[in-house]
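Protein sequences, first through last, are from chains B and A.
Counting from 1, one number per residue, gives the positions in the first sequence under my numbering.
Counting from 1, one number per residue, gives the positions in the second sequence under my numbering.
Hints in this document: simulated from the structure, not taken from any laboratory.
The C-beta atom is built at its ideal place from N, Cα and C for all residues, glycine as well.
None of the hints are false.
Listed next, the stretches of chain A that the computed footprint assigns to chain B, with coverage defined by at least 3 CB atoms under 8 Å from CB atoms of chain B:
no., region
1, 43-57
2, 130-141
3, 144-150
With the C-beta cut set under 7 Å, the calculated list includes, among others, these residues of chain B facing chain A:
no., residue
4, Q67
5, Y155
6, L167
Cβ-Cβ distance ranges computed for the label pairs, FRET-style:
no., chain 1, residue 1, chain 2, residue 2, range
7, B, K160, A, L247, 50 to 56 Å
8, B, V139, A, F257, 30 to 36 Å
9, B, K47, A, L172, 52 to 58 Å
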Amino acid sequence: MSQIKNIVEALLLSSGEPLSADRIHKIINSKESCTKAEVLEAIDSLKIDYENKEIEISRVASGFRIQAKASINDFLNIIYAEKTPRYSRALMETLSIIAYKQPVTRGDIESIRGVSVSSSIMRTLTDRNWIKIVGYRDVPGKPAMFSTTNEFLDYFGLEKLSELPDLPDIKEPQNLSLDLEAETTNEMTQISTEQLN
Amino acid sequence: MNKTTNKPMQAEMPFAIVQGEQLTELPKDLYIPPVALQVFLEAFEGPLDLLLYLIRKQNLDVIDIPIAEITEQYVDYINLMQDLELSLAGEYLLMAAMLAEIKSKMLLPIFEEIEEEDDPRAELVRRLLEYERYRTVSEEIDLINRVERDIYLSTAETGNYQQPDILPDIELPDLVMAFQEVLKKAEMFSTLHFMKEPLSVKERMSEILEQINGKDFIKFEDLFDFQEQKIGLVVTFLAILELMKELLIEVVQAQEFGIIHVKTLVEKETHEPN
Numbered sequence: 001m002s003q004i005k006n007i008v009e010a011l012l013l014s015s016g017e018p019l020s021a022d023r024i025h026k027i028i029n030s031k032e033s034c035t036k037a038e039v040l041e042a043i044d045s046l047k048i049d050y051e052n053k054e055i056e057i058s059r060v061a062s063g064f065r066i067q068a069k070a071s072i073n074d075f076l077n078i079i080y081a082e083k084t085p086r087y088s089r090a091l092m093e094t095l096s097i098i099a100y101k102q103p104v105t106r107g108d109i110e111s112i113r114g115v116s117v118s119s120s121i122m123r124t125l126t127d128r129n130w131i132k133i134v135g136y137r138d139v140p141g142k143p144a145m146f147s148t149t150n151e152f153l154d155y156f157g158l159e160k161l162s163e164l165p166d167l168p169d170i171k172e173p174q175n176l177s178l179d180l181e182a183e184t185t186n187e188m189t190q191i192s193t194e195q196l197n
Numbered sequence: 001m002n003k004t005t006n007k008p009m010q011a012e013m014p015f016a017i018v019q020g021e022q023l024t025e026l027p028k029d030l031y032i033p034p035v036a037l038q039v040f041l042e043a044f045e046g047p048l049d050l051l052l053y054l055i056r057k058q059n060l061d062v063i064d065i066p067i068a069e070i071t072e073q074y075v076d077y078i079n080l081m082q083d084l085e086l087s088l089a090g091e092y093l094l095m096a097a098m099l100a101e102i103k104s105k106m107l108l109p110i111f112e113e114i115e116e117e118d119d120p121r122a123e124l125v126r127r128l129l130e131y132e133r134y135r136t137v138s139e140e141i142d143l144i145n146r147v148e149r150d151i152y153l154s155t156a157e158t159g160n161y162q163q164p165d166i167l168p169d170i171e172l173p174d175l176v177m178a179f180q181e182v183l184k185k186a187e188m189f190s191t192l193h194f195m196k197e198p199l200s201v202k203e204r205m206s207e208i209l210e211q212i213n214g215k216d217f218i219k220f221e222d223l224f225d226f227q228e229q230k231i232g233l234v235v236t237f238l239a240i241l242e243l244m245k246e247l248l249i250e251v252v253q254a255q256e257f258g259i260i261h262v263k264t265l266v267e268k269e270t271h272e273p274n
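The shape of chain B in the complex, shown without the other chains:
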């Protein structure tokens, strides 16, 4: 048992990507007999071991991974301060639209954002493996439809899409036509000159 636990730990540390319990089970079982229950037991046992350490096992979309606890981020931030990639608002908006409305075409993204989709943003998202083409919409031009990947969830430390923050409710502009007549009687129309500067 403790042997399996050590193998699981080494696999998680050396695989370079999260591993699911099924995958770990298959890997170990290909060389020596081991059940999936033993793998899960080993993971639980490692979790207990790590309680007194500054690392932890976290579960994300692609499986389990070992990561530093947030409690030592103050130290790690110093090491990684200059290596942290920054992502533009445009990229985050594009990514959000794909995440919530998937599968979407570039046209869908454009109609929401009101600007043409930047090719470099799509390339960054594809290169990072956060989005992938899942098919082609059956309309003229056969545009590609994009969805997010498990790697996207992994990156944000999530297990499933439903863990994303809720999309704000649609505000229905139903009473619009009624307001036409009552419009602009309040003070909101005041425009000061400095607001323009």
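Fit chain A to the given chain B structure using the hints.
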């Protein structure tokens, strides 16, 4: 319908007031570093973003936009950008046209029979609200803990572990394709000089063996001399096929469409005594 009287600053939008005088045009001699406006323009992610900014800045209600005011402010921004000779994305101009269209529709008297028609602002409002939903949520996503910024992965070096090379067998069609590449490359070198070359496959075979000898791998393409004429390249190809048949060399490809490598099968021991 005419409500402009309710709006105090409805007419020309002054940029500034200088000594009590309202300036509605950008003074020609006023220098604003284009970089500053560039930054300003880049801060917006398109016309919807700019519009939302204008609306929110004044605590206006998106659902009930005072379209005339917003249009003027928007157009002022656009003009300012154009005065500074910034190249404007077409989307900004399209929005200006859309605003102008809505404004003119709203100025038209409403006839009984088309009373049911939608508010001309409806589509714009719908788009603004929809865009705002995603803009809001994208800001929230930006705050989620993420790898490389808030989550640091623990890894261990794999030390002496070396991935075993698994080289797949190569099929004849792949080889022919590779040879076609060679011919294509050779065409770039083709000059017209005619010379009778005495070419022998046997001779070429030993040349190839000599070339490979001592090296683990050699690139398939490197076996060819592109200066040679087509016939020479064909002879080299035939020699390679012949050597493969006689099991003197092996041709491998590490991955699909990857580089094809040639490797000798002649054991080194055979060259040495005992």
